[in-house]
Amino acid sequence: GEDVEQSLFLSVREGDSSVINCTYTDSSSTYLYWYKQEPGAGLQLLTYIFSNMDMKQDQRLTVLLNKKDKHLSLRIADTQTGDSAIYFCAELNTGFQKLVFGTGTRLLVSP
Amino acid sequence: DTGVSQDPRHKITKRGQNVTFRCDPISEHNRLYWYRQTLGQGPEFLTYFQNEAQLEKSRLLSDRFSAERPKGSFSTLEIQRTEQGDSAMYLCASSTIAGGELFFGEGSRLTVL
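As given, the protein sequences belong to chains A and B, one line each in that order. Read the first sequence against this note's numbering and you will find it ends at 111, with the numbers running on by one and no gaps. Read the second sequence against this note's numbering and you will find it ends at 1113, with the numbers running on by one and no gaps.
None of these hints come from the bench; they were simulated from the model. Only a predicted model underlies this, so the values are computations on that prediction, with no experimental measurement involved. Any given hint could turn out to be false.
[As the list claims (entries may be wrong)] Only pairs whose alpha carbons sit at most 30 Å apart, straight line, appear in this in silico DSBU-like list of lysine-lysine:
#: 1; chain 1: A; residue 1: Lys70; chain 2: B; residue 2: Lys1057
#: 2; chain 1: A; residue 1: Lys56; chain 2: A; residue 2: Lys98
#: 3; chain 1: B; residue 1: Lys1071; chain 2: A; residue 2: Lys67
#: 4; chain 1: B; residue 1: Lys1011; chain 2: A; residue 2: Lys98
#: 5; chain 1: A; residue 1: Lys98; chain 2: B; residue 2: Lys1057
Work out the full structure, taking the sequences as your base and the hints as a guide.
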């Protein structure tokens, strides 16, 4: 089955690191994604990782993948107020060829 | 080409009317997806195309919904006899067949009164 779970809310102070976690159930997932959504806007692709990788770093973003535990995390270094948004984790399943999304984690960054 | 574009961005309609949304994907992308997002939820898959072929439809896509991609480029999503429960953001995304980068448009927000 396909199920992606995320915690609903995370609050951090500006300058701290944020870690957003995600668990998924489908072991045949090929790609795993992180998207950012600001109010009233579409989804902005932040980064993605292929399932045979353990880590991917892109500027302030670090993605860690633990395939054994089916756990994905997104670390944002030096979090800024502009990072306040909803972050969605999603998996792309080879068989069904569609993205399955979590319910999103609302990140609030306070000055 | 600056990305996936959707039109209109906002649509307000009365219950029972028909509405149509258009999506223009990134030009070299073979795959095109439609998703629906309601308030406080993650996007839910509706359907996807590979070139002009519609390869999968969700159970969410009732008989009132129809999607086309006639020439393998832009796509339309039509909702007939709209209901208040159809109020949502309709998102389009595109990618290459190989997967990897999958980009979304800004969405078309539908409000059914």
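For each hint, the structure was consulted:
{"no.": "1", "hint": "Lys70/A <-> Lys1057/B", "in the structure": "holds, 27 Å"}
{"no.": "2", "hint": "Lys56/A <-> Lys98/A", "in the structure": "holds, 22 Å"}
{"no.": "3", "hint": "Lys1071/B <-> Lys67/A", "in the structure": "violated, 39 Å"}
{"no.": "4", "hint": "Lys1011/B <-> Lys98/A", "in the structure": "holds, 26 Å"}
{"no.": "5", "hint": "Lys98/A <-> Lys1057/B", "in the structure": "holds, 10 Å"}
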